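**Q** So the chains spell out like this:
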Amino acid sequence: MLASELAKELGCDYLGPGDPEIIGVAPIDEATSSDVAFVHNPVYLKRLSSTSAGLVVLMDKNIPEGRNFAVTISDNPHRSMAQAVDLLYPEKMIEPGIHPSAVVDPTVKIGKNVFIGARAYIGAECVVGDGSIIGEGVVLSDNIHIGPGCRLYPNITVYSGTWLGEGCIIHAGAVLGSDGFGFAATEDGVLKIRQVGKLVIEQDVEIGANSTVDRGSFSETRIGKGTKIDNLVQVAHNCKIGEFCFIASQTGLAGSTVIGDRVMVGGQVGFAGHQKIGDGSLIFAKSGIASDVPPGSKYFGIPAKESNIVHREHAYISRLQKLFRRVRTLEKLLEDK
Amino acid sequence: MLASELAKELGCDYLGPGDPEIIGVAPIDEATSSDVAFVHNPVYLKRLSSTSAGLVVLMDKNIPEGRNFAVTISDNPHRSMAQAVDLLYPEKMIEPGIHPSAVVDPTVKIGKNVFIGARAYIGAECVVGDGSIIGEGVVLSDNIHIGPGCRLYPNITVYSGTWLGEGCIIHAGAVLGSDGFGFAATEDGVLKIRQVGKLVIEQDVEIGANSTVDRGSFSETRIGKGTKIDNLVQVAHNCKIGEFCFIASQTGLAGSTVIGDRVMVGGQVGFAGHQKIGDGSLIFAKSGIASDVPPGSKYFGIPAKESNIVHREHAYISRLQKLFRRVRTLEKLLEDK
Amino acid sequence: MLASELAKELGCDYLGPGDPEIIGVAPIDEATSSDVAFVHNPVYLKRLSSTSAGLVVLMDKNIPEGRNFAVTISDNPHRSMAQAVDLLYPEKMIEPGIHPSAVVDPTVKIGKNVFIGARAYIGAECVVGDGSIIGEGVVLSDNIHIGPGCRLYPNITVYSGTWLGEGCIIHAGAVLGSDGFGFAATEDGVLKIRQVGKLVIEQDVEIGANSTVDRGSFSETRIGKGTKIDNLVQVAHNCKIGEFCFIASQTGLAGSTVIGDRVMVGGQVGFAGHQKIGDGSLIFAKSGIASDVPPGSKYFGIPAKESNIVHREHAYISRLQKLFRRVRTLEKLLEDK
Chain U
320 MLASELAKEL
330 GCDYLGPGDP
340 EIIGVAPIDE
350 ATSSDVAFVH
360 NPVYLKRLSS
370 TSAGLVVLMD
380 KNIPEGRNFA
390 VTISDNPHRS
400 MAQAVDLLYP
410 EKMIEPGIHP
420 SAVVDPTVKI
430 GKNVFIGARA
440 YIGAECVVGD
450 GSIIGEGVVL
460 SDNIHIGPGC
470 RLYPNITVYS
480 GTWLGEGCII
490 HAGAVLGSDG
500 FGFAATEDGV
510 LKIRQVGKLV
520 IEQDVEIGAN
530 STVDRGSFSE
540 TRIGKGTKID
550 NLVQVAHNCK
560 IGEFCFIASQ
570 TGLAGSTVIG
580 DRVMVGGQVG
590 FAGHQKIGDG
600 SLIFAKSGIA
610 SDVPPGSKYF
620 GIPAKESNIV
630 HREHAYISRL
640 QKLFRRVRTL
650 EKLLEDK
Chain Y
320 MLASELAKEL
330 GCDYLGPGDP
340 EIIGVAPIDE
350 ATSSDVAFVH
360 NPVYLKRLSS
370 TSAGLVVLMD
380 KNIPEGRNFA
390 VTISDNPHRS
400 MAQAVDLLYP
410 EKMIEPGIHP
420 SAVVDPTVKI
430 GKNVFIGARA
440 YIGAECVVGD
450 GSIIGEGVVL
460 SDNIHIGPGC
470 RLYPNITVYS
480 GTWLGEGCII
490 HAGAVLGSDG
500 FGFAATEDGV
510 LKIRQVGKLV
520 IEQDVEIGAN
530 STVDRGSFSE
540 TRIGKGTKID
550 NLVQVAHNCK
560 IGEFCFIASQ
570 TGLAGSTVIG
580 DRVMVGGQVG
590 FAGHQKIGDG
600 SLIFAKSGIA
610 SDVPPGSKYF
620 GIPAKESNIV
630 HREHAYISRL
640 QKLFRRVRTL
650 EKLLEDK
Chain P
320 MLASELAKEL
330 GCDYLGPGDP
340 EIIGVAPIDE
350 ATSSDVAFVH
360 NPVYLKRLSS
370 TSAGLVVLMD
380 KNIPEGRNFA
390 VTISDNPHRS
400 MAQAVDLLYP
410 EKMIEPGIHP
420 SAVVDPTVKI
430 GKNVFIGARA
440 YIGAECVVGD
450 GSIIGEGVVL
460 SDNIHIGPGC
470 RLYPNITVYS
480 GTWLGEGCII
490 HAGAVLGSDG
500 FGFAATEDGV
510 LKIRQVGKLV
520 IEQDVEIGAN
530 STVDRGSFSE
540 TRIGKGTKID
550 NLVQVAHNCK
560 IGEFCFIASQ
570 TGLAGSTVIG
580 DRVMVGGQVG
590 FAGHQKIGDG
600 SLIFAKSGIA
610 SDVPPGSKYF
620 GIPAKESNIV
630 HREHAYISRL
640 QKLFRRVRTL
650 EKLLEDK
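Line by line, the protein sequences give chains U, Y and P.
Position one of the first sequence corresponds to residue 320 (this note's numbering), numbered consecutively onward.
Position one of the second sequence corresponds to residue 320 (this note's numbering), numbered consecutively onward.
Position one of the third sequence corresponds to residue 320 (this note's numbering), numbered consecutively onward.
The hints are simulated quantities; they were obtained by calculation from the structure and are not laboratory data.
Be aware that one or more of the hints could be misleading.
Identical copies look the same in the list; a pair holds intra-copy or inter-copy alike.
[To be verified] Straight-line C-alpha distance at most 25 angstroms; calculated BS3-like pairs for lysine-lysine:
| hint | residue 1 | residue 2 |
| --- | --- | --- |
| 1 | K595 | K365 |
| 2 | K544 | K511 |
| 3 | K624 | K559 |
| 4 | K544 | K517 |
| 5 | K411 | K511 |
| 6 | K595 | K431 |
Remember, predicted model here, so these are calculated numbers, not experimental data.
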């Protein structure tokens, strides 16, 4: 596709110079003359001086003087990148159909244009919505609702009673609706509290590979609309996660924690149970949340506090050696008197 | 079931008032007039003022004055909760039988009333005890012993030579008996130390979804009777975990660590290799254990120490800004003299 | 095998006394008279006084006076241990062949002496090299290259476009080539950036159970020759890991991080995105890397710094209570004046 045609498809002004053929998307420092690169963060502008990209998409205010590449202006280069990937790498269509090696219970209700892969298993009373893709080796136990337009990658397991809304993407190896970690201590030892609640995953949720989301103990676990969860994340029983959150890899939520809307969570964060995390808050990677977090807060540390407080504490800690010396000096001064 | 009947089944005194029909278990703040709720922690007593629960189970000393709900007295409401779930949500029976799509080696010894799900694979010389349930897509390599009354959820993989006792529950996607991380550095690079030891899991152990437990290198890895392990936990080669421990999600044990009996471990804890953790100790979430832990200790931090020491250190750190100012004031005072 | 024969096979000098029959490898404190034990770390020498091992392999300088066991001298007891395991526990041969329940697309190119297990699925245009073993329940989507001599344990999922070199070992439940966590914020919500890059795994790489390695977003993710990755590790999109690295369990790399050669990473380490980790550096367990790391460094902490700086800071923190008292004493002294 010519650079100018791509710009038009992206709804962007094309400035040139020239009009190279563009066949791929690439990072600024790996791009060739037939690649388009994107600058959505001014930090990367300095890399433009040495790029070989044929076309660069950037914001109006960032157009460099004297350049070896054509330029297109976008008000949101990150969005344009997502669109360019769709245009230049058309998604392979998956032909609907049920593989003969799949095992599908006769009570299952299957929508139109559904794909069910080899060796998938779909148990009693499940529903699979129109256009959904059930990957190879997926196990849907029973009484599970998969909304329309969902994609379940291979070797996922979904426990009984789980409900997925429209357009969810679940990556390989994830486990949805597993038992929460609930036990009662008794005189004789330990009694399992059977986990009988539901897991509800609202529309447009994405869940990463090998992540685990437990069902409610008897209430429900819920993941809100548009929330994106990375690989190897743990969501325990009875958690409620709001809408349009981002939760990075290896983060864990203990039981009954409630996360608001548009919360951003870094990797390897741990939430203690029964915490409330306010809307729009930001939790930095590796934090351990042991208290409620007010809306709009930025938290960091173990246990986590307002991140500017923690950064200040770290600065003081790095100056402790000098402080010990200063106190020693004062002591000597006073001894001498 | 009438509230008074439920109380009787739970072995509890029924105080009323009234005798509502109870059909479900629910959290205090979600319960309706046909639900029973439980107060096992006095912290939640204040929520009773606004509950809509039809029945509340609590301890004798916690009975509230003037109330809109019936009350039942339990000496252990947590145990009563586990019992009530069993009564109100009867478990669905799984009809024994071997699904025709399962692949079972002719040398496998299968007990009575065993269920083997679709597409399960059971290799040579395995034993499956009476009443055990092998979920869809489970792979048992070979020479594996599954005790009676075990439940293996779907898509689990068990490596050769693993032994499970009676009544174990293993959740979906778990991997049991995988190779430990053992390599020898040589002049030419790296040599794999083939992992040939066993994994022994004693009776009544529960292991969470997508957790991984490595076999011994040539010795054995062992998980003691009644121990409960949450999702996404890693247990490395040659670890020995005692009886009736609780290990929360995303915790990891490096090689050859020995954990005593009745040890409680929070989420995302890391144990360095070759540590000894004493009976009855408690490790708080996110700790990094880099030393032995005496019996009955409470440890926290990275590296972990007695938690009261760590909490005191944190308190001092939060006062560092003031300390720096106090020292500056002293310095000025002395400069002026 | 006689102890002297084993020593000969290991290329080691045999000192005796006696010449016991050796049938197994065992840890020093579990070994019996028919086991060989290894001392590759002088720390374990003191355990020799109470060992029951029939044979001990150790370095020349560590030979104990007066002993109850035969001794063999090795310049690298760790390497000798790897060799002894191979000799005393011969690996079970897996008979090549394709299980009739496997589903293999007619376009797949399969080498000589390949094993494909029950219920494996191999999609269009895949290549499986000579002598490779594809475990039960493995799903290879399409356009995947598996080099010769690879072993894929059961229930692994490999996404489209992944490339594995010769001799790789991938453990059960791992997911290779999954989508990176890439989204663009727009006025209307969130737009998925389709992940269309590759994952390249070079020769002799080992990846642990239930680990996840994402494909590149449009560039590639790459794991270098001879690198070993433990269980439950996350490698995000566009990361480049060098050769002969060791990455311990539950560590996570955020997007586009570059790790050099021969880097050692402890367990539960987190790397922020876009960091550069120099050759030969060592990252201690539980660290959070938020900056570049120079070659040959030892880093620790959250955020991580040179480990000797962090250890010194910890020492000062443990003395804070005394420092607060000393400052109080100074203040009193000056108040009195």
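**Q** Next step is simple, just say for each hint if it's right about the structure.
**A** These are the hints, each one checked on the structure:
1. K595 <-> K365: Answer is between; shortest inter-copy Cα gap is 18 angstroms, intra-copy 41 angstroms.
2. K544 <-> K511: between (32 angstroms within a copy, 14 angstroms between copies)
3. K624 <-> K559: Within one copy only: 22 angstroms inside, 33 angstroms across.
4. K544 <-> K517: within (17 angstroms within a copy, 29 angstroms between copies)
5. K411 <-> K511: Between. Shortest inter-copy distance 16 angstroms satisfies the 25 angstroms Cα cut-off; intra-copy 46 angstroms does not.
6. K595 <-> K431: Close neither inside one copy (41 angstroms) nor across copies (48 angstroms); limit 25 angstroms.
The structure fails to meet hint 6 from the earlier list, while all remaining hints are met.
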